[in-house]
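Listed in order, the protein sequences are those of chains A and B. Residue 8 in my numbering sits at position 8 of the first sequence, and the numbers go up by one each step. Residue 58 in my numbering sits at position 58 of the second sequence, and the numbers go up by one each step.
Just to be clear, a hint being listed does not mean it is correct.
[To be verified] One-sided excerpt, in silico: chain B residues whose CB lies under 10 Å from chain A:
1. VAL22
2. TRP25
3. TYR36
4. LEU37
5. TYR45
6. GLU61
7. TRP62
8. LEU64
9. LEU68
10. LEU76
11. TYR96
12. ALA100
13. ALA103
14. VAL104
15. VAL107
16. ALA108
[Unchecked claim] Quick list of simulated restraints, FRET-style, between CB atoms:
17. A/VAL34 x B/LEU117: 24 to 32 Å
18. B/PRO42 x A/VAL45: 20 to 28 Å
19. A/VAL45 x B/TRP84: 52 to 60 Å
20. A/LEU103 x B/VAL107: 18 to 26 Å
21. A/TRP17 x B/ALA103: 37 to 45 Å
22. B/PRO85 x A/TYR47: 40 to 48 Å
23. A/THR59 x B/TRP84: 43 to 51 Å
24. B/VAL119 x A/GLY97: 49 to 57 Å
Source of the hints: derived by calculation from the structure; they are not laboratory data. The structure presented is a predicted model; accordingly, all values stated were derived computationally and were not measured. Just so it is clear, CB atoms sit at the ideal spot from N, CA and C, and this is done for glycine as well.
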Amino acid sequence: MTVYSRSGRTKPQGGGWELAVWYLMRLTGVALFVLALTHYLILHVLYDPAQQDTNFITTVRWSSLFWRAFDWTLLMMVLFHGFMGVRTVVADYTRGGVRTAILMGLYLLAIVLFVLGTLVVMTLPVVPKG
Amino acid sequence: MLLRYRGREGMVAWAFHRISGVAIWLFVVLHVIDIYLVGGDPKAYDEILKVYASLPGRIGEWLLGAALLYHALNGLRIIVMDFWPPLTRFHRQLWYANWAIFAVLGVAVSYFIFRPLFVH
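Same shape as in the complex, but just chain B (with noise of 0.2 Å):
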């Protein structure tokens, strides 16, 4: 349905990254204070720490590499047909090209990431 709106790809792929942006600057924000309690207060670090090696600890660092992912991949097809005009009439291509190697890295990731909550 989001895919038959006005703006289509684009407009998916625009939306997309603006809230993947968000997103990982949110977490950068915590992730600098965080680090500086290594400095700063590192008994409450090991105790944030413990909450990212959590559950929903590991489904948010699973989300944070996905939005960092489609970011990447999307922020690098942008710099392509921003340096590359004649590249931009194959836009919609490129997108679904950021896809496939989105799905398999992120197989790959999942993976690792989920892993020790099975394996010790």
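Same shape as in the complex, but just chain A (with noise of 0.2 Å):
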């Protein structure tokens, strides 16, 4: 018998959408390892916070198209792989009623902050560099 650990979720068995959902857990993982780590490595390393402020975010951070594209990449992977590894930590220590109520709220976030995060990034101006 294979050993396997139980440091991550064991994989559902059977298929659908539990099954889905694991694979994508795991898929949004390792895209979240190269973009969530080079967006730290460049905010927080390459540039420090004392530098930022909104004019930082619109003639530099967001003065392309290439990098509103990868925070808005970065969103969405988060905001898969935040809200359903949040969903498993509930559905770990609650039930019933109490756990439908979290969850309907948790899904609810997800979607403002879907909104909220699409909106600015798509719709802020583009200022040029100097």
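Two chains, two frames, a set of hints: combine them into the complex.
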């Protein structure tokens, strides 16, 4: 018999949505390993927070389509990975109506963040550098 | 003491993964809202960034980086074992390898995060 580590969630048996989420958690996880660590490296090591303000975002960080697309992709990955991860945590410690209520609130928050994040990254006017 | 409990390294790895994951999630919620303010209320965004650049802000930033790095490395370890089950035999060694990488990168990143407080 194969030994499975229990550090991660055990692979759901059968198929369907739960198995898809299991695979997607790993897929978005690998994507986030690159995207989130790169994002952190650029905005917390290469640039100091003391150098950052609204002007920095409009003229430097989001002055190119590439970095807007980069940050939007990061947002999509993190919303799926983060909210599906918290869903697992909530499901571990709650049940019944309480679980349903918390999960509904969680999904609502995910939609709100999807809208706010997408709106700002796609509609903020482009100000060319210099 | 923590490592002598029944689950040993595997249990601690799991607990840290869960705690760091929830912590990162909390920051993501905050961060999407603060970034929205760049368009919605630029002055408020500038004020929030001043808090991020302060000493308590930098400690938070440092803890976020630690949570992110641990979660990323341990997550990769989980994925590797999920898709290559024989490696599960070495889950403990892989976890210690995670900590070695964490320590090296962590010291380097800490230097850059706290340096601006001492050098102007």
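Going down the list of hints, with the structure as the test:
Interface restraint check for B/VAL22: the shortest CB-CB distance to chain A comes to about 6 Å, inside 10 Å, so the restraint holds. Satisfaction of the interface hint for B/TRP25 is found here, the shortest Cβ-Cβ separation to chain A being roughly 4 Å, below the 10 Å cut-off. The interface hint given for B/TYR36 is met, as the beta carbon of that residue sits about 4 Å from the closest beta carbon of chain A, less than 10 Å. Below 10 Å, beta-carbon pairs count as interface contacts, and B/LEU37 has one with chain A at about 8 Å; its hint therefore holds.
Contact between B/TYR45 and chain A, as hinted, is supported at the beta carbon level, the nearest pair being about 5 Å apart and thus within 10 Å. Proximity of B/GLU61 to chain A holds as hinted, the smallest CB-CB distance being about 6 Å (cut-off 10 Å). Proximity of B/TRP62 to chain A holds as hinted, the smallest CB-CB distance being about 9 Å (cut-off 10 Å). At its closest, the beta carbon of B/LEU64 sits 8 Å from a beta carbon of chain A; the interface hint therefore holds under the 10 Å criterion.
Here the hint on B/LEU68 is kept, as its CB sits about 6 Å from the closest CB of chain A, short of 10 Å. At a threshold of 10 Å, the smallest CB-CB gap from B/LEU76 to chain A is about 6 Å, leaving the interface hint in force. Contact between B/TYR96 and chain A, as hinted, is not supported at the beta carbon level, the nearest pair being about 14 Å apart and thus beyond 10 Å. Checking B/ALA100 against chain A: minimum C-beta separation of about 17 Å lies over 10 Å; hint violated.
The closest approach between the C-beta of B/ALA103 and any C-beta of chain A is roughly 16 Å, which is over the 10 Å cut-off, so the hint fails. With a cut of 10 Å, the hint placing B/VAL104 at the interface with chain A is violated, because the nearest CB-to-CB distance is about 14 Å. The beta carbon of B/VAL107 comes no nearer than 13 Å to any beta carbon in chain A, farther than 10 Å, and the hint placing it at the interface is violated. Residue-level restraint check for B/ALA108 holds (minimum Cβ-Cβ distance to chain A is 8 Å; threshold 10 Å).
Separation of A/VAL34 from B/LEU117 is about 30 Å and conforms to the stated range, judged on CB atoms against 24 to 32 Å. At roughly 25 Å, the beta carbons of B/PRO42 and A/VAL45 sit within the given window of 20 to 28 Å. Checked against the hint of 52 to 60 Å, the pair A/VAL45 and B/TRP84 fails, with Cβ atoms roughly 32 Å apart. At about 40 Å, the beta-carbon gap between A/LEU103 and B/VAL107 misses the expected band of 18 to 26 Å.
Take A/TRP17 and B/ALA103: their Cβ atoms lie about 39 Å apart, and the range 37 to 45 Å holds. Checking the proposed 40 to 48 Å range against B/PRO85 and A/TYR47 shows it holds: the Cβ atoms sit about 41 Å from each other. Evaluation of the 43 to 51 Å hint for A/THR59 and B/TRP84 yields a pass: the beta carbon distance comes to about 45 Å. The supplied range of 49 to 57 Å is met by B/VAL119 and A/GLY97, whose beta-carbon atoms lie about 55 Å from each other.
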